[in-house]
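Chemist: Listed below, chain by chain, are the residues.
Protein chains: 2
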Amino acid sequence: MFTEIDNYVAKCISLTENEKEYFHSLLNHQSVKKKTFLQQAGETCGFEAYIIKGCIKSYYIDENGSEVILHFAVENWWIGDIANFSGNKKSTLNLEALEDTELLVINIIDKEKLYEKVPKFERMFRLMIQRTHETMMNRLISTMAKPAEERYLEFISKYPSIPQRVPQHLIAAYLGISPEFLSKLKAKLTKKKS
Amino acid sequence: MFTEIDNYVAKCISLTENEKEYFHSLLNHQSVKKKTFLQQAGETCGFEAYIIKGCIKSYYIDENGSEVILHFAVENWWIGDIANFSGNKKSTLNLEALEDTELLVINIIDKEKLYEKVPKFERMFRLMIQRTHETMMNRLISTMAKPAEERYLEFISKYPSIPQRVPQHLIAAYLGISPEFLSKLKAKLTKKKS
Numbered sequence: 063m064f065t066e067i068d069n070y071v072a073k074c075i076s077l078t079e080n081e082k083e084y085f086h087s088l089l090n091h092q093s094v095k096k097k098t099f100l101q102q103a104g105e106t107c108g109f110e111a112y113i114i115k116g117c118i119k120s121y122y123i124d125e126n127g128s129e130v131i132l133h134f135a136v137e138n139w140w141i142g143d144i145a146n147f148s149g150n151k152k153s154t155l156n157l158e159a160l161e162d163t164e165l166l167v168i169n170i171i172d173k174e175k176l177y178e179k180v181p182k183f184e185r186m187f188r189l190m191i192q193r194t195h196e197t198m199m200n201r202l203i204s205t206m207a208k209p210a211e212e213r214y215l216e217f218i219s220k221y222p223s224i225p226q227r228v229p230q231h232l233i234a235a236y237l238g239i240s241p242e243f244l245s246k247l248k249a250k251l252t253k254k255k256s
Numbered sequence: 063m064f065t066e067i068d069n070y071v072a073k074c075i076s077l078t079e080n081e082k083e084y085f086h087s088l089l090n091h092q093s094v095k096k097k098t099f100l101q102q103a104g105e106t107c108g109f110e111a112y113i114i115k116g117c118i119k120s121y122y123i124d125e126n127g128s129e130v131i132l133h134f135a136v137e138n139w140w141i142g143d144i145a146n147f148s149g150n151k152k153s154t155l156n157l158e159a160l161e162d163t164e165l166l167v168i169n170i171i172d173k174e175k176l177y178e179k180v181p182k183f184e185r186m187f188r189l190m191i192q193r194t195h196e197t198m199m200n201r202l203i204s205t206m207a208k209p210a211e212e213r214y215l216e217f218i219s220k221y222p223s224i225p226q227r228v229p230q231h232l233i234a235a236y237l238g239i240s241p242e243f244l245s246k247l248k249a250k251l252t253k254k255k256s
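Chains as they are written, first to last, in our numbering: chain A, 63 to 256; chain B, 63 to 256.
I should point out that these hints are in silico values taken from the structure, not numbers from a laboratory.
Each hint should be verified, as a subset may be incorrect.
It does not matter which identical chain is used: a pair holds within one copy or between any two.
[To be verified] Straight line, CA to CA, 20 Å or less: simulated EDC-like cross-link-like pairs of lysine to aspartate or glutamate:
#	residue 1	residue 2
1	K182	D172
2	K182	E81
3	K96	E81
4	K208	D124
5	K82	D68
6	K151	E196
7	K82	D162
8	K208	E81
9	K253	E81
10	K96	E211
The following block holds chain A by itself, in its conformation from the complex (with noise of 0.2 Å):
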């Protein structure tokens, strides 16, 4: 069960047995099942979880109920309220499985207790939210800045397993564009490609 998280760890910090086995404590597993939701907004759920296994998609819905999709998040990826400090505010998005997800969650209150057993957690967290942010960061920029077409093509090229696990309709939300946009987008690459 600890396998994945392990390596993920050990890429950032060196833990010791003791170190490892107090980390593995704090996480509980969790099984979401496809179409279900880790959290709704609305919800104050403070926690962060790593995925071992599955697509989580991460929305915020607009006044008009329309899905604006921050992010899918598979394997090896961390999700939930990075900026929640307290675990007290009401979160303002929805995490939803799109496959059967196996995730290991820590809630905050014993993630403030691992930075101070194990001061080297805050280390692996910084380097984690670093590469969120810089994801997130590009993102904005390609959303203000870029026309579809070279979004779509870095979103393929950044995510390249993605558009097989995640229908077209989520992939048109996620750029921002319609479905029937992204069709013709695809189809005229196709062609440009033979």
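Got chain A sorted already, so can you dock chain B onto it with the hints?
Modeler: Only chain B this time, still in chain A's reference frame:
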């Protein structure tokens, strides 16, 4: 010179006098005149900088030559290439002073030395990136999901001092609307109030 940054750090971690001195020894004071650059896109600038006084505009130039503004950073903010782990990556962002600006700059190599010698700084920078990330995530949600009026109201409520310091056409660029549309929006809101 170090009063502001010491207060900032003290909100996250406690330092001994020796640790504080070591931290100060890694910071370089830099003055950037209004309308000049701290960094230009394409440069290999591995640093982060704390703003003592002034205002820096962080932006990306799109393929039509238009500015896509990521943020206006003022006193007590950090600016730089947070995602530039190695210090070797070419930046895509321009950092330009909108006012005469005073900064304390630390380069990526010295920051790694700091983490090694005073690991507590992992916590400080983790907390800093969490906040920056939260801002960026909310910005992305606003950009993708909220109408211009709501985006403008959010902006002046979050950053009440910025409209007095930054020209209106730049605020329009930040919001992704034309200066004319921003004028109309402001007139409409003033009318609503009266």
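Chemist: Given identical chains, is K208 near D124, meaning Cα to Cα at most 20 Å, within a copy, between copies, both, or neither?
Modeler: between (22 Å within a copy, 7 Å between copies)
Chemist: When no copy is named, should K182 and D172 be tagged within, between, both, or neither for a Cα gap of at most 20 Å?
Modeler: For K182 and D172, both the intra-copy (15 Å) and inter-copy (19 Å) Cα distances are at most 20 Å.
Chemist: With identical chains, the pair K82 and D162 could be close in the same copy or across copies; at 20 Å between alpha carbons, which is it: within, between, both, or neither?
Modeler: Neither, since 27 Å and 49 Å both go past 20 Å.
Chemist: Check K82 against D68 for me: Cα-Cα at most 20 Å, and say if that holds within a copy, between copies, both or neither.
Modeler: within (8 Å within a copy, 34 Å between copies)
Chemist: Can you tell me if K253 and E81 fall within 20 Å by alpha carbon in one copy, between copies, both or neither?
Modeler: neither (55 Å within a copy, 61 Å between copies)
Chemist: How would you classify K151 and E196 at a CA-CA limit of 20 Å: within, between, both, or neither?
Modeler: The answer is between: 13 Å across copies meets 20 Å, while 24 Å in one copy does not.
Chemist: Is the C-alpha distance from K96 to E211 at most 20 Å within one copy, between copies, in both cases, or in neither?
Modeler: neither (30 Å within a copy, 37 Å between copies)
Chemist: How would you label the pair K208, E81 (within, between, both, or neither) given a Cα cut-off of 20 Å?
Modeler: For K208 and E81, neither the intra-copy (45 Å) nor the inter-copy (45 Å) Cα distance is at most 20 Å.
Chemist: Using 20 Å as the alpha carbon limit, work out where K182 and E81 are close: within a copy, between copies, both or neither.
Modeler: both (10 Å within a copy, 18 Å between copies)
Chemist: Is the C-alpha distance from K96 to E81 at most 20 Å within one copy, between copies, in both cases, or in neither?
Modeler: neither (33 Å within a copy, 50 Å between copies)
Of the numbered hints given earlier, the model fails hints 3, 7, 8, 9 and 10; all others are met.
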